[in-house]
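A.B. asks: We have chain A; now place chain B onto it with these hints.
There are 2 protein chains.
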Amino acid sequence: MSLLVVGSVAFDAIETPFGKTDKIVGGAASYISLAASYFTKSTNLVAVVGEDFPQEFVQHLNKHGVDTTGLQVKQGEKSFFWSGKYHTDMNSRDTLVTELNVLANFDPIIPEAYQNCEYLMLGNLTPKIQQTVLERLHKRPKLVVLDTMNFWMEIALDDLKETLKMVDVLTINDEEARLLSGEYSLVKAAAKIQAMGPKYLIIKKGENGALLFHGTEVFFAPALPLEEVFDPTGAGDTFAGGFIGYIAKTGDISFEGMKNAIIYGSAMASFCVEKFGTERIIDLSETELNARVHAFKNLVNFSL
Amino acid sequence: MSLLVVGSVAFDAIETPFGKTDKIVGGAASYISLAASYFTKSTNLVAVVGEDFPQEFVQHLNKHGVDTTGLQVKQGEKSFFWSGKYHTDMNSRDTLVTELNVLANFDPIIPEAYQNCEYLMLGNLTPKIQQTVLERLHKRPKLVVLDTMNFWMEIALDDLKETLKMVDVLTINDEEARLLSGEYSLVKAAAKIQAMGPKYLIIKKGENGALLFHGTEVFFAPALPLEEVFDPTGAGDTFAGGFIGYIAKTGDISFEGMKNAIIYGSAMASFCVEKFGTERIIDLSETELNARVHAFKNLVNFSL
Chain A
1 MSLLVVGSVA FDAIETPFGK TDKIVGGAAS YISLAASYFT KSTNLVAVVG EDFPQEFVQH
61 LNKHGVDTTG LQVKQGEKSF FWSGKYHTDM NSRDTLVTEL NVLANFDPII PEAYQNCEYL
121 MLGNLTPKIQ QTVLERLHKR PKLVVLDTMN FWMEIALDDL KETLKMVDVL TINDEEARLL
181 SGEYSLVKAA AKIQAMGPKY LIIKKGENGA LLFHGTEVFF APALPLEEVF DPTGAGDTFA
241 GGFIGYIAKT GDISFEGMKN AIIYGSAMAS FCVEKFGTER IIDLSETELN ARVHAFKNLV
301 NFSL
Chain B
1 MSLLVVGSVA FDAIETPFGK TDKIVGGAAS YISLAASYFT KSTNLVAVVG EDFPQEFVQH
61 LNKHGVDTTG LQVKQGEKSF FWSGKYHTDM NSRDTLVTEL NVLANFDPII PEAYQNCEYL
121 MLGNLTPKIQ QTVLERLHKR PKLVVLDTMN FWMEIALDDL KETLKMVDVL TINDEEARLL
181 SGEYSLVKAA AKIQAMGPKY LIIKKGENGA LLFHGTEVFF APALPLEEVF DPTGAGDTFA
241 GGFIGYIAKT GDISFEGMKN AIIYGSAMAS FCVEKFGTER IIDLSETELN ARVHAFKNLV
301 NFSL
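One line per chain: the protein sequences are A and B, in this order.
First residue of the first sequence? That's 1 in my numbering, and the numbers climb one at a time after it.
First residue of the second sequence? That's 1 in my numbering, and the numbers climb one at a time after it.
No lab work stands behind these hints: they were computed from the structure.
Just so you know, these numbers come straight off a predicted model, no measurement behind them.
All residues carry an ideal CB built from backbone N, CA and C; glycine is no exception.
One should not assume that every hint holds.
Stated by the list, open to error - Per label pair, the in silico range of CB-to-CB distance:
1. Asp89(B) - Lys128(A): 31 to 39 Å
2. Glu217(A) - Gln59(B): 37 to 45 Å
3. Asn91(B) - Glu227(A): 20 to 28 Å
4. Gly197(A) - Ser254(B): 44 to 52 Å
5. Asp22(B) - Gly215(A): 38 to 46 Å
What the hints assert, rightly or not - Once the Cα atoms are required to be at most 30 Å apart in a straight line, the calculated DSBU-like pairs of lysine-lysine come out as:
6. Lys128(B) - Lys205(A)
7. Lys275(A) - Lys188(B)
8. Lys85(A) - Lys192(B)
9. Lys275(A) - Lys192(B)
10. Lys205(A) - Lys85(B)
11. Lys85(B) - Lys188(A)
12. Lys199(A) - Lys205(B)
13. Lys205(A) - Lys74(B)
14. Lys192(B) - Lys297(A)
15. Lys297(A) - Lys297(B)
16. Lys192(A) - Lys85(B)
17. Lys188(B) - Lys297(A)
18. Lys85(A) - Lys275(B)
19. Lys275(B) - Lys205(A)
20. Lys85(B) - Lys297(A)
In isolation and in its complexed conformation, chain A is listed as follows (with noise of 0.2 Å):
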């Protein structure tokens, strides 16, 4: 059941109270495919870097069974690097550069051994870039997967309209919902943006869980209360990664299908941000894994 994730692969530099890195390795597929990697182990990749980004990174994915033929490696550029700092609740955060580099004339072409994917995870880009995917598959995957942000609906929200009505799911957060939705109320949000296009969303909500809305139905995802949230970034791409990369393992996307996912997305999520950037999802144990899905059983369940 293979999956294909195409997103930033990238430098981040971060500041969060408990300290700060130099360059580090980052961006949405990064951790989209590491996270999916254990639980699918045909996860292929499409993105793009610069000639300065480490080869151990790629071969660390390679060692997760991702497969990166469709990485393009730009001889005389530099990858995408954001840098941002956190402030003290964790929860917002100021960025302090970016720079697109390679990612400014991205061309996500797909090799043609990646077609006939059946599963697709969009992670954050140009709204465009998203579709141009969407357009140069042969066939449609059985279910689209699709993460955006509030930076697009603010400057290409009619391009963003477009992509939506071609996907499955919608990953967002609670702001964003609201955002794109003109609703405060994440009820009424996810009616409206139901009938945009995604007939799931997926409604993130950081340190206050997850929600997922079909329809009328509705579940609940609680994050794991953590001694200590280390480093934020990537926790929304990672949760997106344990999701997609669940559902590719089971072939199972029904309503009861994506909750089992939703768990194992927030548990991976629980584990990126206890270290900076991809360390601590870059080598999880099976045990540790199983235990945290097991905590996160524990921490909802009740006999009535």
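C.D. replies: Just chain B now, with coordinates in the frame of chain A:
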């Protein structure tokens, strides 16, 4: 299994983005005893009002099985009055008016028939008064639950800390937990607060649900996603009333028992916010309540 509720019975004037009220009945103990009355028919109330307080509401309480022998009516005096205005997000509010009136000299007299209560719910009041109630009981109840707020942490922290040593369960919101403990992480905050006395800590997070901590155990109950939160006033008290009422009904003060009580508390609170003041919880049917609890089960149920 008798329940003693001590707290304010008062007037509120509320403004939300959806409308505003004149003086309506409010006060922690009004919400608590009403909510508890859906689970236990032996609720005893200790509170104080002025001669301006409507007899009609007292009759409502009586009809719900709440004994109001302990409700002092001060002739020639006025009831406690609070007025506030909620911001658009409904999570923050400004206090416009606070008139202590009869509450300024509240002496919590416990009628003899109220002695030997098994459960005690101390609604938000001066910590000294809460402590006085405990000292006046001939026998310590099986379970003592205390609600308080940031105000007392700021102006009467030493008194509050003394009182905390005497209680089993503390209910506060996330901001208050951070303020009381000096820890941002709720997991760390919970450990510090438990060391202050209460072996059980409930952290209320409004539309983001509630957490129950006990030692290293933790349980999370979501809030039901609602189309409209009309007026959050009293939601925390209604939650506490449903919680202690359900415990008084079952007699189960184990961690497992408290989990179920929290679900019932959350269900009661989800009704409370649908209308102004106590309006929505004054006349709930058993069918409505059961349907709401069922919705909570569906909301978090997954098959893993």
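A.B. asks: Each hint should be assessed against the structure and marked as holding or not.
C.D. replies: Hint check:
no., hint, verdict
1, Asp89(B) - Lys128(A): 31 to 39 Å, "holds (33 Å)"
2, Glu217(A) - Gln59(B): 37 to 45 Å, "holds (42 Å)"
3, Asn91(B) - Glu227(A): 20 to 28 Å, "holds (25 Å)"
4, Gly197(A) - Ser254(B): 44 to 52 Å, "holds (47 Å)"
5, Asp22(B) - Gly215(A): 38 to 46 Å, "holds (40 Å)"
6, Lys128(B) - Lys205(A), "violated (38 Å)"
7, Lys275(A) - Lys188(B), "holds (18 Å)"
8, Lys85(A) - Lys192(B), "holds (29 Å)"
9, Lys275(A) - Lys192(B), "holds (24 Å)"
10, Lys205(A) - Lys85(B), "holds (26 Å)"
11, Lys85(B) - Lys188(A), "holds (23 Å)"
12, Lys199(A) - Lys205(B), "holds (29 Å)"
13, Lys205(A) - Lys74(B), "violated (48 Å)"
14, Lys192(B) - Lys297(A), "holds (25 Å)"
15, Lys297(A) - Lys297(B), "holds (13 Å)"
16, Lys192(A) - Lys85(B), "holds (29 Å)"
17, Lys188(B) - Lys297(A), "holds (21 Å)"
18, Lys85(A) - Lys275(B), "violated (41 Å)"
19, Lys275(B) - Lys205(A), "holds (26 Å)"
20, Lys85(B) - Lys297(A), "violated (39 Å)"
Of the numbered hints listed earlier, those contradicted by the structure are 6, 13, 18 and 20.
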